[in-house]
Each structure stands twice: as structure tokens, then as C-alpha cells.
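> Residues per chain are reported as follows:
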Amino acid sequence: EAPAPKEAAYVGNEVCKACHGPQVEKFSQTMMGKIFLFNARNQLEKQACESCHGPGSNHVAAGGGRGVGGLITFRKDSGEAAKVQNEACLQCHQRGIQTYWDASPHAGRGMACVNCHTVMEKTSDRFQLSKVDDKTPFFNKRAQTEVCGQCHLQRKAQLMRSSHMPLREGKITCSDCHNPHGSPNPSQLKQASVNENCYTCHAERRGPFLFEHPSVSENCSNCHEPHGTVNDRLLKVRMPRLCTECHSPPHRANDPANNVGFFNRSCTNCHSQIHGSNHPAGMFFQR
Amino acid sequence: RTSAEIDAGDYTISGSAEVDGLPRGFQGNKSKFEEYRVIPESVVVPQLQLLIGSKKQDSYFNFDAGNVGRNDQNYRLRFGRYGLFDVELEWDQIPHVFNIDNARTPYVMNGGTYTLRSRPTADDAGTFSSWINNPANTRAVDLELLNKVGKVSIRYTPTPGWSFTAKYWSQDTEGKRAIAFPFGAAGNSHIAELAEPIDYQTHNIELGGEYAGQGWSLALKYNGSLFHNSISTLVFDNPAAIGPGCVDAVDINYGLGQGPCRGRVDLYPSNQAHTVTLTGTASLPLMTKFLGTVSYGWRLQDDSFLPFTINSAIAQPTLSRNSLNGDIRPTMVNVTLVNNFINKLNLKAYYRFYELDNRTKPVSTSDTVLNDQGGPGDHFWTTIHPYQYSKNSAGASASYNFTQWLTGKFNVSLDRTHRSIPDIAGPNGAMNASEIKVGPTFDIKPLSWLLFRASYQHSWRDAPGYHADDDRKMFFLAQREQDKASLFADISPWQTLSFHAGFDLISDNFPSTDIGVHNARNYSPSIGVLYTPLEWLKLFADYDFDWYSWNQDYDTDRHYRGEDRVHTFSVGSEMDLIKDVLGFRIQYGFSQGLSQIGNRLDGARVDDPKWPNNTSTWQELLARLEYRVHKNVAVQLGYYFNRYQSKDYGVDIMKLWMGDMDTSPGQIRSIYLGDQFKGSYTAHVGFVGVKLKF
Chain A
1 EAPAPKEAAY VGNEVCKACH GPQVEKFSQT MMGKIFLFNA RNQLEKQACE SCHGPGSNHV
61 AAGGGRGVGG LITFRKDSGE AAKVQNEACL QCHQRGIQTY WDASPHAGRG MACVNCHTVM
121 EKTSDRFQLS KVDDKTPFFN KRAQTEVCGQ CHLQRKAQLM RSSHMPLREG KITCSDCHNP
181 HGSPNPSQLK QASVNENCYT CHAERRGPFL FEHPSVSENC SNCHEPHGTV NDRLLKVRMP
241 RLCTECHSPP HRANDPANNV GFFNRSCTNC HSQIHGSNHP AGMFFQR
Chain B
1 RTSAEIDAGD YTISGSAEVD GLPRGFQGNK SKFEEYRVIP ESVVVPQLQL LIGSKKQDSY
61 FNFDAGNVGR NDQNYRLRFG RYGLFDVELE WDQIPHVFNI DNARTPYVMN GGTYTLRSRP
121 TADDAGTFSS WINNPANTRA VDLELLNKVG KVSIRYTPTP GWSFTAKYWS QDTEGKRAIA
181 FPFGAAGNSH IAELAEPIDY QTHNIELGGE YAGQGWSLAL KYNGSLFHNS ISTLVFDNPA
241 AIGPGCVDAV DINYGLGQGP CRGRVDLYPS NQAHTVTLTG TASLPLMTKF LGTVSYGWRL
301 QDDSFLPFTI NSAIAQPTLS RNSLNGDIRP TMVNVTLVNN FINKLNLKAY YRFYELDNRT
361 KPVSTSDTVL NDQGGPGDHF WTTIHPYQYS KNSAGASASY NFTQWLTGKF NVSLDRTHRS
421 IPDIAGPNGA MNASEIKVGP TFDIKPLSWL LFRASYQHSW RDAPGYHADD DRKMFFLAQR
481 EQDKASLFAD ISPWQTLSFH AGFDLISDNF PSTDIGVHNA RNYSPSIGVL YTPLEWLKLF
541 ADYDFDWYSW NQDYDTDRHY RGEDRVHTFS VGSEMDLIKD VLGFRIQYGF SQGLSQIGNR
601 LDGARVDDPK WPNNTSTWQE LLARLEYRVH KNVAVQLGYY FNRYQSKDYG VDIMKLWMGD
661 MDTSPGQIRS IYLGDQFKGS YTAHVGFVGV KLKF
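Protein chains in written order, with the numbering used here: chain A, 1 to 287; chain B, 1 to 694.
So here's chain A without its partners, still in its complex pose (with noise of 0.2 angstroms):
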């Protein structure tokens, strides 16, 4: 009968350093690796190394190699649990915009946190992306919807249309919307609603108004499809179209050659303060 492994105990990251240098020396250049190797503040952060892959001593008495003595690895093909991963990033990062991680759906499909983030050396500005940043003078592809684009395929390329926010050109990204720790919303949005959510940066839309157009006040989502359109103004469905789904009488757009609510803006060419009114004669969103 095999004698039973040795419980491992740890050895301090300068034994690690030995063989894993190069290793090191990356991750030293890390936020993480500025506080773990130079700025511990507690035991575990002192563990440095070991703080991740868990105690190296059967490691290094089998005299090293990939995958020995029961180290816990995160590279792609080594065939560790995700949620054995987790659980080390866990030990540190569970509150904040983590809080909710174990309630995602990232974390209910078995994702590891390695699959968006790197350790092990610096990547991108913020948050330590497994892809980079790219800055031209033309665009701006921000490592963050590329990180997402690798499983949102169709939200990456509705960011190529020509009716689209400006995260092409690097001046928002996903996270200024959803968090993909997790959140208690709808669609891990940082905030409470999706109009919330808009108000972010809409707030002159936020009213109250005297009166509120009840789709509008409801879901911004139920005229505007924020990823992209092929529509102007990111509509879901052209004008008067769009409208035309909740409203007929007294008008009706037939004719695109001579309506007035036809070309150029559309519904709104008269009903332009659509997103509500605070006008005593706003009821129909014309003043």
C-alpha cells in the first residue's frame, strides 16, 4: 500500500523564487504582487505564492514539475475545478463588486475568474485583464469588451453598427453598466433598474415630470437597444414603426412620400419631448 501524501506545509515564496523566477519577477510588477511580496498586511498576503497555489513543500520534495504535489494551477488546460480556483481569489476578493459572485450567473456556469483576468503579470490598465488594450488615434478597443466579446458574440459585434454608444471608441465599457461579479438586478446591472442605469449619465431624463410616458418610465429598453442598432438614436425598431406598436389613431404614417411623420425625425418631428414632460401643455410630449 502507497504510504499516505505528506499534508503539505508552506515554504515562503523565496523557495519558489528559486526555480520560478522569471515567474516572480512578472508578478511583482502587479498591483496584487506589490502587496503580497512588499506589503503584506496579514498572513495570508504574507503566503505571497502560497496564498493561491496553496502550501509548496510535496512540491518541492518531489523535486518540482507541472501539476505536482498537489498545487492548485490555473492555466487553461490544466484541468482544475473552477471552483477550486475561485475559492483562492475568494479568500480576498468577496466583497465590494465581488459581493455577489456566488449568487452570478458567471459563477452558476462555471466560470473562473481566470478566464477574464491574468495574475500573473500586468495586462491592462485596470483590473488585470487576460486581454489588452489597444489606443490608436482612430479607436480605442478597450480590454474589457474584448474580454466579454469572447462569449458575447453578438453583443461584440453590435458594437460595430452604426447606431452605437461609444465603446468602440473606448469612452465607456461594459462595466460602466453591468457588473459581471454579479449584482441583485436584472442582467448584473449596477443599478436597481435599467432606467437607473441610463440615468447614470442621462439624468436629465430622470424627471419626475408631470407627465410621464409610462414605457419610457418604465424600461429604457423597451424603445432603445443600448449594445446597437442599424437604427438611428440605438431604437429597436424604426419610426414610426416603433410607435406604431403601442399607438394608431388619430395618425397613421403611411405614405413615406408626403407624412410629415414620416421623414427626418418622425413621431418626434412633433412629439419630441417624448421622454416626458413637465409643460401643463406637455400631455401629448409637444411642449
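It cannot be assumed that every hint is accurate.
Unchecked claim - Quick list of the computed label-pair ranges, beta carbon to beta carbon:
#1 A:K190 with B:L406: 31 to 39 angstroms
#2 B:Q619 with A:M31: 38 to 46 angstroms
#3 A:K83 with B:V529: 25 to 33 angstroms
#4 B:I205 with A:G64: 47 to 55 angstroms
#5 A:V68 with B:Q73: 48 to 56 angstroms
#6 B:F79 with A:K190: 23 to 31 angstroms
Keep in mind the hints are simulated off the structure, nothing from the lab. Glycine included, every Cβ here is placed at the ideal spot set by N, Cα and C.
Fit chain B to the known structure of chain A by using the hints.
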């Protein structure tokens, strides 16, 4: 760091700078080309970076700048002590161009007061056309916004358990965008399209504190947001009132050129919002975790009401009070439990409550006036009640690891929505709806290089009080059956080759809707490949097709169908031709969208002709060669091509006066900005740049 660091006593300094020249050839309209960016034909500084670190490795100071000196510039300064505090200051400018090519206006724009430079002197269409199309009577106007965002963010972590955050950010938005207002009621109206003056300021603050103990955490956060609109009223001359003098009249009489001399509108009112959020987590027995959030907020708005009309010939109806005193209290409660007691089984249950509690008191009036025109029977409303809704949601999911490579999950949830909608013109004063959602997901990873994900959800929304009448069909309230499916595959048989593919589907059916939206469907297959055949060569390609369609019945004889079809394609390569010396990158992106609306008429209907298609095609090519002449100096040569072509029946025809389109007698005085905001262009931009690292 790959570059040489500068030794400065206890600190090291490093950084990089890039300077590019951009010779350019351009044809077409600039508006879409510079929609959210500025690409000047000059020398630009796209990147600057300065990093200062202490040799003790305990503190940092980083400065980044992008697009220096341009309208889309960005600056970020970040400094702190590792593990103790982090301070970040950011300045970002986001331009948003609507039209800087061909919009014109006859108005002299002075803050919120717009006066006509001159007035037509007679009422006939010919005189009106000559007046508005005479360049002396109009001026070019740029329709664009500039958002300036300033942020300060501080994070302080005195111990690993405690953390405090404070953020302040302001957003200033200035510029102009198109907006239009009618004079008079439908059938007897004309439109004045204006360049709306925008001058918004929003101040936001966030203060938070959090403590994470052994097995529990508690966080408290306050968010405040103050929005101020410096131009909240717009007064503008009525182009239908012929000159040179104008006297207000109750009714519009085109023959006499009479009517209201001016119009007045209420632009977005200043408002404020405050939210307090408490979040807590706790580890419970039986490997259960509790997560909970409660938030309560105030949305307030109390701008004074404008009078019903600026038309001095009409008596002002009285209102029950002078301002709305709007008061909405958004409330959210979420309680979630996650359990892992049984090995391989993950259970989750949640309850969520969201309420838009509108405590605004009803407002009443003695009469109404519409669009500055008087007339009998204009009694459109007497009392307006606030709109509000609440939503109760509960759900559960069970996830089980059947094998090491197969995980299945089943989700079920129930949403119940209660709405109170102002009883404006129909019976749908209060609407309740219940929606049940069920569906499985599967995550299959049979090999370390093979991953499949699949999910499906079916939902039933029952809305027993809903009935679509001719006035309001409100698809978002109607009974609905929805199917959602998603497939994803990631196949990486070798380290050098990986494929990914996806398919997303959403299908909505509204079974009880006779008139209105019957169904809407969207599907989108995608495929991509990443191939690295050689250490120095990377190739990538992606393709996505997106199809969206909807069907609606306007009435029993008129049936409308719409389709959007979009092809999106990108391909590129990165080559490290001489390792760390000569690199080349080329990438091409293409997106083509088609939007069409079809009409089917029953019986003798002939009044809905075929509508033209709308198309848009966008192409982008970037080729960049980087030669490192020294370990810290690189020279860049590149070429950027960008083309946008568009056909849009809505704006291709636009001109200042739509006299040949807008032919009904009552509308011959309508004026527009001629705002062809989707103009096509072709841009060729070369760039020569130097990148310096230190």
C-alpha cells in the same frame, strides 16, 4: 518594465510618449466620421504615460493621457500606497456629433431665446420657399454635444477588513441638437425644427464604507446626484406668422399669416436623486450563504410650471399648484440564499422587490391649451395622476455536476408586476401582470480544450386586465410567450488554434393581441477563429449575422412587417516579423445593415405603398508597421481607411423646407434644419509616428 527606468533618488521614473502625424484624404460628410472622436489632419499625441514608483515598492504615481489637446482628450492621474489607499483623478471629454455638415437655421440663437432673422412677407408657398432657401436668411449651425466628465475617487483600506470609498464626479454637457415643435393641433399644424440649446451640469457623489469579518460583511453606501439645466425654457418665433410685424391671435389663419407669434417649451427640468444602499452577507450553517441588499431613494423635481401658452391672445387656464413637487421613492429589496451542502449540488433562491413609489400629488387644471393655439374643445385633461409600478420577483435554481464534465442547471422564477397608469384616454388605468420563467442550462466540458454551453428559457406572461383598444396597444403590458435560447462553443484542439461559435435566439409572441405587435423574433449566429501557426504570426476572424423581425397589425386591413438584417465581419493579423524589432498589424472590420418595412393590405386598401429600404455599410481597415530603431524608440507607419455609406429615406430628402413633401395646406410653413445626419463618407488617413519609452 521593458524600457530603461530613470533613477531619481528613492524613486524610479518610467513612461512612454507617442506623437503621430495624420495626413488625410476625405470625401463626404464629417458628421458620422467624427461622431464620438476627433481625427484632425495634424500632429497628434494619442498617448502619454508617466509611472513613478518608490524603490521601497510601497507607493505609486501613474499618469496617463490620451488624445492630448483634442476634444476627445482623456487624462488620468492615479497614486497611492499599496494596500492602504488609492486616489484617482480623471478628466474625460466625449464629443457627440449629430451634424456638422449641412444643418442651417433661420433663427438667431441667444441662450433660450430664438428670434427669426427675417420673416416671410406673404403667405404663399413660393414666397415662403424663397425666404427659407435664401442663404442670407439662414446660418449654418453645428449640431453636436461635448460631454466633459471630471472624477475624483478615493479608496482607503486601513485594514484588510475595512474599506472606505469616496467619489465625486461631474458631467457638463454643452452644445446643440435638433428638436422640433409644432404650432397648432393635428391637421392644422406646422413644425419649427430648432437647434436645441444644451447646457447641463450633473454633480454626483458616492460615499461608502464596508467591513468584511470572518464569514460576514456589511456595506453602507450613499449616492447623490444633482442635475441642473441652465436653459430650461426655449422661446422661439413662429415662422408662420408673417412679418414684419406680428400680433398674437387665438387661432392660426394661414391666409392672414396669423397665429401665435412665438412658441415656448419646457426643456428638461432640474432634478435630484439620492439613494442609500445597505448590503450584507453572512455564512450560515449547512454551507449556506446569505446575500441581501436594501436600497431606498428619492427622486425629486420642483421646477416651476410654465404658463400653458406664451400666446397673449389666449386666457391662461389655472393650475392647482405652481410646480410639480415631484417625489418618487424607488425602493429595492433583494434577499438571496446560496447553498452547497450537498456535494455537486448548488442551490440558489432569491426574492426581489422593486417599487417606483410615486408620491407626487395629482395636479388639476381648469382647462388646457395645446401648442399655443386656442380654440373650443381643447379640454384634454383635468387631473393628472402619477405613474408608478412595483415588481415582486422570486426564483430558484438548482445546479448539479452530473459528471466532472457535465453540469446541468434548472431555473424557475415568477415575476408579478403591478402598475398604476394615469387614466388618460382608455381603460388600462391599472395593469397587473404575472410572468413565469423556466428553463435549463447545460455546461459541457468533456475535454480541457472543448467547451459547450447551452441555455433555454420559456416564459409566460399573463396580463388579465389587458385589452388592446385602438388607441393604446402597449405591447410591453400585453400577454406574452417568450422563448430564449443561447448556444456557445469554444474549441481549442491545439494551443495554436481555437474556434468559437454562438447562437442567440429570442422569440416573442403576443397571443391575445389583435391589433398591435403580434410577434418579434431575433436570432444571431456567430463564428470565429484564432490561429497562431507560428510564434510570430497570429490570425483572427469573426463573423456574425443578426436577423430581427416583427409583425404588427395597424388595424384589421393593414399589416406591417419589419426586418433588420446585419452582417458583421472582421479579420486581421498580427505579425512579429523580427522579434521585438519589427511588428505589423492589419485588421479589417465590416458591418452592413439592412432595415426594411413591408406592408400588406387587405380588401380595397391601396394607401400604404412599399417603403424604400434603409441600408448602412461601415468599413474600417487599419494597417500598422512598427519598427523599433532603439530599445526605447519605435517608429510607426500606418494607414487607416474608413468608409460609411448610408441610404435613409427619412433624411436623404431633408431640406430646410419640405414644401414638396409636406404638402397638406396646413403645413406649408414647416421649417427644418436640413439635418442629413447620416451622410456618407470615405476617409484615407496615413500616419507616421514616433513612440518613445523612458
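> Return the numbers of the hints above that this structure violates; sort them in rising order.
none
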